[in-house]
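S.K.: Use the sequences and the hints to build the structure in full.
Protein chains: 2
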Amino acid sequence: MKFIAEINVMPLKEILDPQGKAVTGSMKNLDLAEIQNIRIGKHITLEIDADTEEIARQKVDTACKKLLANLIMESYEFELTAV
Amino acid sequence: MKFIAEINVMPLKEILDPQGKAVTGSMKNLDLAEIQNIRIGKHITLEIDADTEEIARQKVDTACKKLLANLIMESYEFELTAV
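These protein sequence lines map, in sequence, to chains A and B. The first sequence: position 68 = 68 (our numbering), numbered continuously. The second sequence: position 37 = 37 (our numbering), numbered continuously.
Derived by calculation from the structure, the hints in this document are not laboratory data. Certain hints may be false.
DEER-style ranges, computed between Cβ atoms [claimed, not checked]:
{"no.": "1", "chain 1": "A", "residue 1": "M1", "chain 2": "B", "residue 2": "D49", "range": "41 to 51 angstroms"}
{"no.": "2", "chain 1": "B", "residue 1": "I72", "chain 2": "A", "residue 2": "Q58", "range": "30 to 40 angstroms"}
{"no.": "3", "chain 1": "B", "residue 1": "L80", "chain 2": "A", "residue 2": "E54", "range": "16 to 26 angstroms"}
{"no.": "4", "chain 1": "A", "residue 1": "I4", "chain 2": "B", "residue 2": "L71", "range": "19 to 29 angstroms"}
{"no.": "5", "chain 1": "B", "residue 1": "T62", "chain 2": "A", "residue 2": "E54", "range": "36 to 46 angstroms"}
{"no.": "6", "chain 1": "B", "residue 1": "N70", "chain 2": "A", "residue 2": "D31", "range": "15 to 25 angstroms"}
{"no.": "7", "chain 1": "B", "residue 1": "K21", "chain 2": "A", "residue 2": "T62", "range": "14 to 24 angstroms"}
Ideal placement from N, C-alpha and C gives every residue a C-beta, glycine not left out.
M.R.: Okay, here's the thing in structure tokens:
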């Protein structure tokens, strides 16, 4: 079976996000000062072939832990959809 | 009212995603060759104060068009949640 995974990798709440902070500042220049607290992470989509959803979930989890997210600074979450 | 927006900004399908392609290649080294077609974009969260959900939606849309996404190379989608 083929699954699509949608993964979000975000900087941990405890960690400063300078990119998000800079973009929050820029919102004022666009007359959008009511937008606050922007945080910027990564959105990753991928396709995976696996026999069951459980196996697919484990493999995506391994990919996140070993390559896609830096667990010292980032957290991740993902959703799987069968296609 | 305060809303939280979750925005995904992704490279357009027609456009090469060299970062995603490089990461797809690295999956083989992790014994995860069944993971294919990785595409990497941005996941952005923000808080917005607005009187109604409709106004919040318009402002987030403006922020995406003017600052967060480059519409020549990227597409965006977002969800709003009242908090």
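S.K.: Of all the hints given earlier, name the ones this structure violates by number, lowest first.
M.R.: 3
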